[in-house]
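**Student:** Taken in order, these protein sequences are the chains called A and B. Each residue of the first sequence is one higher than the one before, starting from 1 at the first, in our numbering. Each residue of the second sequence is one higher than the one before, starting from 1 at the first, in our numbering.
Read the hints as simulated data drawn from the structure, not as lab findings. Any given hint could turn out to be false.
No more than 16 angstroms apart at the CA atoms, straight line, and that leaves these computed lysine to aspartate or glutamate pairs for EDC-like [claimed, not checked]:
no. : chain 1 : residue 1 : chain 2 : residue 2
1   : A       : K151      : B       : E417
2   : A       : K257      : A       : D233
3   : A       : K30       : A       : D191
4   : A       : K194      : A       : D233
5   : A       : K163      : A       : E101
6   : A       : K120      : B       : D402
7   : A       : K141      : A       : D191
8   : A       : K151      : A       : D226
9   : A       : K151      : B       : D216
10  : A       : K112      : B       : D420
11  : A       : K194      : A       : E162
12  : B       : K111      : B       : E143
Partner residues aside, some chain A positions facing chain B, computed with beta carbon under 7 angstroms [as the list claims (entries may be wrong)]:
no. : residue
13  : R62
14  : A88
15  : R89
16  : L102
17  : P103
18  : V105
19  : A117
20  : A138
Note that the coordinates shown come from a computational prediction; the quantities given were computed from them, not determined experimentally. Glycine included, each C-beta is placed from N, C-alpha and C at the ideal position.
Residues per chain, in single letters:
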Amino acid sequence: MTSKNGAKQPILEVRNLHASVAGTETEILKGLDLTVNLGEVHAIMGPNGSGKSTLVSVIAGRPEFEVTSGEISYMGKDLTAMLPEERAREGIFLAFQYPMELPGVRPWQFLKAAVDAVRKHQGLPELSIRDFDQTYKAIVKEMGLDPELLKRSLNEGFSGGEKKRNEMVQLALLNPRLALLDETDSGLDIDALKTVAEGVNKRRSPERAILLVTHYQRLLNYITPDHVHVLVDGRIAMSGGADLAHQLEAKGYDWVKETAGSR
Amino acid sequence: MTQARTKYDQYRSDFQTFQKSIANGHTWANDVRATGLAAFDALGFPTATRGNEEWRFTAVGPIANKLFAYPFDAPEERIDKAQLKALLPLDDTWTTLVFVDGRFDAKLSSKPHRADGVTVANLGSSLDSDRDVIQKHLGHYVEADKNGFTAVNTAFLRDGALIMLPADATDLAPVHLVFVASRRSQPFVSYPRILLVAGRNSKASVVESYVALTDDAYFTDGIAEFVLQDGAHISHYRLMRESDQAFHISTTQVHQGKDSVFDSVSFARGASIARNQLHVALDAPGASCNLKGLYLTDGSQHIDNNINIDHFKPHTNSDIVFKGILAGKSRAVFSGGVIVHKDAQKAFAVQSDKNLLLSEGARVNTKPSLIIYADDVQCKHGATAGAVADEAVFYMRSRGLDLQTATRYLIQGFAREVIDTIKLDGFRDYLDTYFMESLPAYAFKGVSR
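For reference, chain B alone in the conformation it holds in the complex (with noise of 0.2 angstroms):
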């Protein structure tokens, strides 16, 4: 462990020239901070090999080993809205919050929205003015003591999205928080962050993109915490979109009260290794939650998605289809798992991970898993993994397609079960155009006969 320990010395030393350079903070988020600290000294990175299921598909080594150093200087380039608007829907009608290497970016975010009890904001300025939310809310959820990843983000805890809404507030504009790496020389680290909290009734639209403009490895290191109370109803969208070199660790907890709904659709492609770690609790009866993911994996990329939901109550709701894309030599994850607790009698519990492999040297570990301890539920699940269909080819050539345009439109009808679902238009489209550019040519051409 002497060992193991040294290679975390950056993230010890910048934490000290981080408590200095926010000197004069708030005590409570001090504290919050040093409880970060305290806990990733206790855990560093889940690097073990042994020992260590809930990482057993995921190597983390290639993130401990290097060095990624808290960006406290200004970006080294000037960014401005064209070069955002090259990677993502940006749309004038939405609140766009934009985080340029974890720090707010006031001149290219919409004006923040506080009004009728809505707050759409900076988190790092609202420490004061919601401090009473914040602290209520704010790492309760997220398991900051047990994993290395969410101890180091809490550490560095400093801005970040707060988006509050209360009770029946149902007509606010979608929200576009977007997350940008930019071009530095030396590889650094960010800590996005994301606290929701949405009030009895409320309904909203939230996007979370993340993006590069930079080919070169970076760290971003996210937690994002939704907390739905009882009828809410979240449309959460998630775009990762991360250099090739990158690597994305993120944690997204979802508490859900009565009746509330949980809708979410993330599209991942990029970063070298990223794992996305979403936990959903069904705390109260009736939650639902229907989460549906893409991810598109080449080269030697690696992508994870670790889910977990708990059915703690009666007549809970969860659905989940993730369809993964693979070509290169890379791999895909499906990992974590659905357990249904004894009270949560009636529950309804589906879950589905399919896989097209685009090449024969792609990989895919697959394993959806299911504890039910209520003896009433209906629950089922599933997971394949195979080749663009010869026949499906056959069928289509045989009408007159030939075979780059066959197999586009088998891939991208693969894809659509997830795209489709998206309600939010604008997101949509860009993720329909989007998602074809980002499939390798060669997967166009001798996958198939």
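Bound-form chain A, shown alone (with noise of 0.2 angstroms):
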């Protein structure tokens, strides 16, 4: 969405954030600073350990990581002031590297009012049984999943590739306006892969942001990211196009690493 002179529209701006695994002094992100426009779609790549997932979980909330100085603003609004669950119904959503397995809850029913919380707060009535049930269903079978699987709890002996696709079905259904990606790519094959990049694409929109974080140029290859940003020890050292991504491919993040240093 651009504004009315074609401005861009920041939806997400992160400025100077420091965070901390709480309760600790091992500090992960050392001032970090991105900003990124509704319907723009920017890859955060990196070594191992450079920050990556700490940031798109700073994002989301998780009670694990504590912002110790600088702003994290969504939309206008001040991200560290609000609960993980005020995040999401604001638009925010995640999809895990490591999504749960969580045995005896029912994917249909947690589905449901997870679906029903984003809409309340939304202002919007809870959607009727037959609506969800068929947008499920329709995005279940668009993601490649098997519709027997929802018989059981969520993601309980799920593979790797079936808790991904899960992740992107509730991506679907959820219909965020910031959608963070962790580590998607990891652990599919390549048709599990093509599905989620399929899906990512079919979503890519003015009204939306979306981050992908991964640690390979792989996923890149078939969705085609607006911004790249190579993330080294808590900070983004390089940004630049889509082109980034192949770059990093043939030169490694050691290129990165001393490009960066020689600043």
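Please dock the two separately framed chains into a single complex, following the hints provided.
**Tutor:** Below you can see the structure in the form of structure tokens.
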């Protein structure tokens, strides 16, 4: 969504963000700056331990991390003051790197409750059982998930790929304004990767921004990002366009470290 | 021991009165009672703190030291069906026998069922009519001479449930045995007793419920004996919903014939101290039992599930899944063990006990044990105890559910593995609701970040 004069509208503004593992001195994000505008797809890349997952976790409000200084503003609101569920209801969605298995929790009931919680917050009526059911089943089909799995407990006994597809099902159902995908490509075979990528591409919209965290360039063969950022040691060391991912693939993360270090 | 003896005087003097009150009773029944009293005299309650491995985690001193009188008089308050309906799943299509403070209450019960060889009736009024079966089975499975609780129950043998199924009887309505504790001005003891004899290839569902119309202390000391002849299939459900001050000790003894199946789901909450002892003897090839349990403790409550299985014969199966939810400063115990005897080749035995701790003060002693004498068997056991996982709570909150709702879903999910196995719809629906109502409000707040 652009304003009348065509200027970009920021959905997420991160300023000098410092974050630690809660209750410890272990600082993971060390002064990170990032602006994401509506309609954009950003890829966050970087070596293991650089803070990629922490960044999206902090945005989603994972209690394991503590913001020690800096700001995160989402749609002009201070995100750090909001509970995780409030962030979700305001339109933030995190697709987990390791989706939880929830024994005894029935997927249908859980997701209906989640969708209704978000809708209620947005002043919309609850979805009727029939409408939800139809939407849900269509999305499950789109993401290539076996409908039989929905009779089980949520994610219980799912393969790695099934769990990731199920994250995409939830993303599609909850229809977020800011989608955070934490290494959704890891552990996927090529068919699953394509399905997930198609699902993401289908949901690119001027009304939405997407932040992809990925270690490898592989996913970006299927989803072309508007911006690529490389995280090194808790800061963005380099930003560029889609071609930056290809350069990284060719030159490796050491190249970023050297280039950034010599600046 | 002199001092220990005096605290049982109440039981002894009540027994004298009890004997007079049933004067002209059946000689053989009087003999059974006398044997029970003699055993109780010798044993007392298992209060010893040393060398008492079986009761190591469950101290019964509070029961032994308190005076519980036998309730000779009728209940002090009138009890009507509406009061029971508020506490229980009462279904008009089931056969319901109600016992108040241990005594059969014909007005609150359905008409006893006696037709086509099926009997669902008060044991106390069947001592003549069904003497042969009763004499053959009553007290033959439970060891009254080794346990003070079963001994004293046997001494006060009177009313109880008698269920007899002839061979091939399969279309019996579910049987609901309701044991109610009334409100009395003095602490009292009741002695529930159940005898079920299921003939060859018979099939039935039996629900045992223990409920209270009082918040005060009383003592329930029950015995149930289930005899499953070849091919019989019994679905057994047990609801313990005692007052928070109550004491509840029960002994359930199951004896299984060839290819018989005993499915049991028990739910326990309430009681200051409770111990449910379940002993299954898989005494013929192909016998199998599936034992599920869910227990919920809060405050300073203590619940002990003591489960013993004997695999005596080949191709026998036992599958035990118990789950506990512990709040406050409560304590749960999972004790007992599975023994696979020498002849029990190809036995299959699984036992697990999982606990969800909702507070830091709650404790669990869980020690599933397995002793195997046969060499060709499949056995495993395991136990866990942990808090609601923060990561799981965050996962649900990240989808828009608040902390309370997320925690509720997770606790409910934890319980579902047990509740969902209930095949009797009325009982499952009841438990689904009652379970969630029973959870302390604080369970949904602050147990997780």
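**Student:** If a hint holds in the structure, say so; if it does not, say that too.
**Tutor:** Quick rundown of the hints versus the structure:
1. K151/A with E417/B: holds (14 angstroms)
2. K257/A with D233/A: holds (10 angstroms)
3. K30/A with D191/A: Given that 16 angstroms is the threshold and the Cα spacing comes to 37 angstroms, the pair is violated.
4. K194/A with D233/A: violated (31 angstroms)
5. K163/A with E101/A: holds (9 angstroms)
6. K120/A with D402/B: Status holds; Cα separation ~13 angstroms.
7. K141/A with D191/A: holds (14 angstroms)
8. K151/A with D226/A: violated (39 angstroms)
9. K151/A with D216/B: violated (44 angstroms)
10. K112/A with D420/B: violated (21 angstroms)
11. K194/A with E162/A: holds (13 angstroms)
12. K111/B with E143/B: violated (32 angstroms)
13. R62: holds (6 angstroms)
14. A88: holds (4 angstroms)
15. R89: This interface hint holds because 5 angstroms falls under the 7 angstroms limit.
16. L102: OK, holds: L102/A within 7 angstroms of chain B, min 6 angstroms.
17. P103: holds (5 angstroms)
18. V105: holds (4 angstroms)
19. A117: Given a least distance of 4 angstroms, the restraint on A117/A holds.
20. A138: violated (19 angstroms)
Checked against the numbered hints above, the structure violates hints 3, 4, 8, 9, 10, 12, 20; every other hint is satisfied.
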